[in-house]
Every structure is written in C-alpha cells, then in structure tokens.
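Work out the full structure, taking the sequences as your base and the hints as a guide.
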Amino acid sequence: MENWKQNKAVFWVTALPGIVWLLLFFLIPLALIWGMSFGEKTSIIDIEITGTLNNYIRSFEAVYVKIIWKSIWISVISTAVCLAIAYPVAFGICFSPARWRPLLLLLVILPFWINLLIRTYALIAVFRTRGTLNFTLEWFWNLAFLDKLIGPFQPLELLYNNGAVIVGMVYVFMPFMVLPLYATIERLDRSYLEASLDLGASQWRTFFSVTVPLTLPGIVSGIILVFIPMLGMFLVPDLLGGTNAIMIGNVITDQFKAANDWPFGAALSFLLMYVTFAALALRAFIGARMKAGVGI
Amino acid sequence: MARRKSTRGPLDYGKSPWLILFGLVTFILLYAPIAQLIAFSFNDSKRNIVWRGFTTKYYAKAWNDASLVEAFVNSMTIAVMCTVVATIIGTATALWLWRFRFPAKSAVEGVMVLPIVIPEICMGVAVLVLYSRVGNWMRGFETGPIHWWNELFSVWPLNLGAITAAHIAFSFPFVAVVVRARLAGFNREFEEASKDLGASEWQTFWNVVLPFMLPGVIAGALLSFTLSLDDFVITFFTAGPETNTFPVKVYSLVRRGVSPDINAASTVLIIITLVATIIAMRMQAPSKIEG
Numbered sequence: 200m201e202n203w204k205q206n207k208a209v210f211w212v213t214a215l216p217g218i219v220w221l222l223l224f225f226l227i228p229l230a231l232i233w234g235m236s237f238g239e240k241t242s243i244i245d246i247e248i249t250g251t252l253n254n255y256i257r258s259f260e261a262v263y264v265k266i267i268w269k270s271i272w273i274s275v276i277s278t279a280v281c282l283a284i285a286y287p288v289a290f291g292i293c294f295s296p297a298r299w300r301p302l303l304l305l306l307v308i309l310p311f312w313i314n315l316l317i318r319t320y321a322l323i324a325v326f327r328t329r330g331t332l333n334f335t336l337e338w339f340w341n342l343a344f345l346d347k348l349i350g351p352f353q354p355l356e357l358l359y360n361n362g363a364v365i366v367g368m369v370y371v372f373m374p375f376m377v378l379p380l381y382a383t384i385e386r387l388d389r390s391y392l393e394a395s396l397d398l399g400a401s402q403w404r405t406f407f408s409v410t411v412p413l414t415l416p417g418i419v420s421g422i423i424l425v426f427i428p429m430l431g432m433f434l435v436p437d438l439l440g441g442t443n444a445i446m447i448g449n450v451i452t453d454q455f456k457a458a459n460d461w462p463f464g465a466a467l468s469f470l471l472m473y474v475t476f477a478a479l480a481l482r483a484f485i486g487a488r489m490k491a492g493v494g495i
Numbered sequence: 025m026a027r028r029k030s031t032r033g034p035l036d037y038g039k040s041p042w043l044i045l046f047g048l049v050t051f052i053l054l055y056a057p058i059a060q061l062i063a064f065s066f067n068d069s070k071r072n073i074v075w076r077g078f079t080t081k082y083y084a085k086a087w088n089d090a091s092l093v094e095a096f097v098n099s100m101t102i103a104v105m106c107t108v109v110a111t112i113i114g115t116a117t118a119l120w121l122w123r124f125r126f127p128a129k130s131a132v133e134g135v136m137v138l139p140i141v142i143p144e145i146c147m148g149v150a151v152l153v154l155y156s157r158v159g160n161w162m163r164g165f166e167t168g169p170i171h172w173w174n175e176l177f178s179v180w181p182l183n184l185g186a187i188t189a190a191h192i193a194f195s196f197p198f199v200a201v202v203v204r205a206r207l208a209g210f211n212r213e214f215e216e217a218s219k220d221l222g223a224s225e226w227q228t229f230w231n232v233v234l235p236f237m238l239p240g241v242i243a244g245a246l247l248s249f250t251l252s253l254d255d256f257v258i259t260f261f262t263a264g265p266e267t268n269t270f271p272v273k274v275y276s277l278v279r280r281g282v283s284p285d286i287n288a289a290s291t292v293l294i295i296i297t298l299v300a301t302i303i304a305m306r307m308q309a310p311s312k313i314e315g
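Chains as they are written, first to last, in this note's numbering: chain A, 200 to 495; chain B, 25 to 315.
Simulated from the structure, these hints should not be mistaken for laboratory data.
Quantities reported herein were computed from a predicted structural model and do not represent experimental measurements.
It is possible that part of the hints are untrue.
To give an idea of the interface, some chain A residues facing chain B are shown, with a C-beta separation under 8 Å as derived from the structure [said to hold, decoys possible]: (1) M200; (2) T213; (3) G217; (4) Y255; (5) I256; (6) V280; (7) P287; (8) L302; (9) L306; (10) L322; (11) A324; (12) L438.
The beta-carbon is built from N, C-alpha and C at its ideal position, and this holds for glycine as well.
Right under this line is the structure:
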C-alpha cells in the first residue's frame, strides 16, 4: 500500500467523489435530522432548533414506550427464528458436495434480491382470509369429513396481528442471515469436530460446545445484520400487521407524513441510530475479543 | 451393529436425512409464495384463488395503465442514472481505499459502510429533510438570477435527480465493497511492473488495473441497478406527486388489496431483477483463467 503523500493527485481524484457524495447526500442530511431532533415546531412549517430534549422525553411516554417495546420484542423473536432456520440451512450447505454449494447458496440468496414489497405482497395472498393457506386448510377439513361432523370450515384470521408480522419478518430476512453463517461455518476447522467426537462427546454436545462457540462471530454478524433493519422496518408491519401491529418505523413515517411532527420523528429516527451504533460497537468488541483468543 | 452401520461418516452432515429434509422444506417455503404470485399473474380469475385457465390479459392491462407504465419508466431511468454514477464513484472509492495508506483510514472505512448498515428509514427521513431545506432555500430565488435552475430541475428526467442522488448515496458503498473484494486478489507487482516499463498512471489504470477489476465493476454496477430498482423506503420519502416510481406505485395499489394486475407488474420486476442479479453473481465468481 502506498502512502498517500507519494501521489497526492491520484489520492484526491479517487477520494473526493465518494467523500463529497457521502457528505452531501448522507452525512449532512443525518446531521440535519440530528439537529432537528433537538428542535421545536414554531408553526406548521417552521422548525426552530432550541436544544430542547422534549422530543426524546416524549418518546418515553407510555404510548411510545409500548410501541418501542413491541418493536424490540417482535424483532428479537423474528431474529431468533431466523437464526434457528438459517443455521441448519447454512450448515447443510457447507457440508453438501462442493459442486452443489454455489447453486444452493444462490437459491437461498435469490429471494433477497426480489423487491421487499413484492415478497410481502406475496405473503398477503397466502395468509388473507380467502388466501392459499385457508383454502388448503379447508380442503383438508373437508377431506377429513369434518364439515359433516362439526360444520363448515371457519377461515382463520391470519393477517393483521403480531404473528403475521413475525412470519413476514422471518420470511423477508432469513436469506440475509444465511450469508454470514455460511461464511464462518465454511472456514470452520473440521478437525476440532473430529477431535471432540473422538474424545467421546455426542453429536449434540460437539455442536453446542465446539461448533457454536467457533462460529460465534458469524452468529453475531447475522443477528446484527437482520436485527437492525427489522427494528426500523416499516413495510412489513404496515402491510401484514395493519393497525394492530404498529412498530417504531410506522410511527416515524407517520410523524413525517400525516402527523407532520418532524422534530419528534427525527428524535425517534435517532433513537434507532443510537441502537445501531451500539450494536456495531458490540460487534467490533466481540470481534476484537475473538481475535485475541479470549472468547466472550 | 454392523447392519446398522451406514456409509455415512460422523462428519457427513450433508447426507443427514433430517438436514436435507429441513433444507428442502425451507426452500419450498421460501419460493412457494413467489411461485404462487407469478402463477396467478397468468390466472384467468379476478379473485385469484382457484386456477381458471391461462391468460396474459393482466399483462396487457398493466401495460395499458398509463400511470403504472410511467412509474415503471421513472424507476428504470432512475436505476440507469444511479448505476452509471454509483459505479464510477464506487470504483474510485474502492481504488482509493485499496491503494492508499492515510491517517484515520479505519474511521473513514467505517463511515463509508454506514449507508449499508443504518436502518433505511433513517436515511429516508434524513434525505426528506435535506430536500425540504434545499427546496425552501431555492424558493427564495424564484425571481432571482438562478430561477432557471428551478425550471431546469422540473423537466424530465432531471426532476428525478433528487431521488437518483439519494439512491447513489446508498448504492455506491456497495459497489465499493464489491470492487474492493475483487482488487484484494490483484497482484500489485503488475502495477509496479507497468510503471517501471514507463506507462503513465492513466495507462496503467486503463490497461492493467481496470481489465483485472472489470468483473467486479460489472457486478457492482448490476448490484446498484437492482438496489435502486428495489428501493421503496427512500423513494417513498423523497418522491413528489409527479415523480412516482414503480415500487411506490405498487405500494399504493397493494394497500387496496390483492389483484392480478399487481401480480403481472410484480412478475415483470422480479424477472428484471433476477436476470441482473444472476449475471452479477456470475461476474463475481472468481474466474478460472486469472486464478
């Protein structure tokens, strides 16, 4: 690597486009809403930055604490389910024949490239009252002659509740969890597993005492990678949860659209940013500990 | 005991029937809703529950919906403009971070990936606030010497510039990551050899470095194309009444319920993104010739 002073012209030519763009369309906007989160509305369109903490204090009102708490637990459950599904999938892909691996990996990731909105919409068609799932259940119901014994099939209300949001989150983010898990499981030194099995540990014991600790960096990366976007997710709760499952992303959107209280919306967005920074710091910390060989 | 013994070794998890079954079920659940969406775009039934025969009339209907087509053209235009700029900026950034050592580099790298990691909604509202500020400020010049500026940016496709600029901001870091990963495999001695033999900085870049990193650049370009085409949240916050994009239009339709024309429109978008993604992934795979 060259010292930047050796070739200043090339240094600035390659450095400036990215720096300027990021500054203009990312860092300055972020700074603007950070400032706004300490501001007050003085009229319908005017906002004055007064250094007030009222917007942050307001987000600790009972209504909002409830929504923030709900966003957190929905994201935690969805992340846990994602991990429970993605780990075996990533593990299976790693231990499949080498020529199958790229194809299997592609098949897992491909849905992730399909528009989030379209994938969420596809789920509506499955879960709505007259949707595929209810239709299939009815078919089985009639097949078992339950309609003669108990009565006609009552379609289940599967949409517009917390469960639908969790299913939607898992469906949408599961592929993203597979990637970091695959990357670490692939690099796993299999002789450790052999040693553990040779020394008499059972398959489960080997998994929980050897495989999981060794792949922990991938697990942490995966959790952070899906947890942060879930926490700020707006589309999935909006389309699958309706008014029954409002999350913080919906409240933020509302502040900037219908409710027109930008300073409060800015404060809520920055609460999300603070959580993001904390998560990234945690990952850096765990990464450093793992590198030093201390373990967690 | 000997009879029970299978050919499967203790580490052959790939042959475990449970793991294979689990994987299979996951893949089916992952693809079934999308497959259904595509299948029902060809279904000759308004209610979309039972198969009533093949038709392409919903594609024709979507094609004849002027606002849908306009939104689609807008999305494609934004995606193309975004791809061109994001690829150039992203490639420059990758070269910069790959080539130079400078103070506070790791901090700069951290900031560069920030658009990738922060929740999309934060960026969406931030850009909204920026544009409303700039808009207020520009209104002050309505009669002044630069009022032509305002008019210029209300003409297509420049009225899409605001959305495009935001798309570039979140997609060029992805390009930089992909190109830099490609550059990691580059033998710097080639670059030195080229310069020793008298090639200029530009000749070395054009004849030595660029050919090597080209697959990474193409992969990055396709990536930014799909990212821009797929983006809903940031466009949702920055789009004005005259600058509808395809995902925003689909969102307003979806809120009204399930209908086969949305399926048809979605299928078209799925095919475009998947083709771009598959080409990008092929490009990213290490080629055998260059090792």
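Verification of the supplied hints:
{"no.": "1", "hint": "M200", "in the structure": "holds, 5 Å"}
{"no.": "2", "hint": "T213", "in the structure": "holds, 4 Å"}
{"no.": "3", "hint": "G217", "in the structure": "holds, 4 Å"}
{"no.": "4", "hint": "Y255", "in the structure": "violated, 15 Å"}
{"no.": "5", "hint": "I256", "in the structure": "violated, 20 Å"}
{"no.": "6", "hint": "V280", "in the structure": "violated, 12 Å"}
{"no.": "7", "hint": "P287", "in the structure": "holds, 5 Å"}
{"no.": "8", "hint": "L302", "in the structure": "violated, 11 Å"}
{"no.": "9", "hint": "L306", "in the structure": "holds, 6 Å"}
{"no.": "10", "hint": "L322", "in the structure": "holds, 6 Å"}
{"no.": "11", "hint": "A324", "in the structure": "holds, 5 Å"}
{"no.": "12", "hint": "L438", "in the structure": "holds, 6 Å"}
In this structure, the earlier hints numbered 4, 5, 6 and 8 are contradicted, and the remaining ones agree with it.
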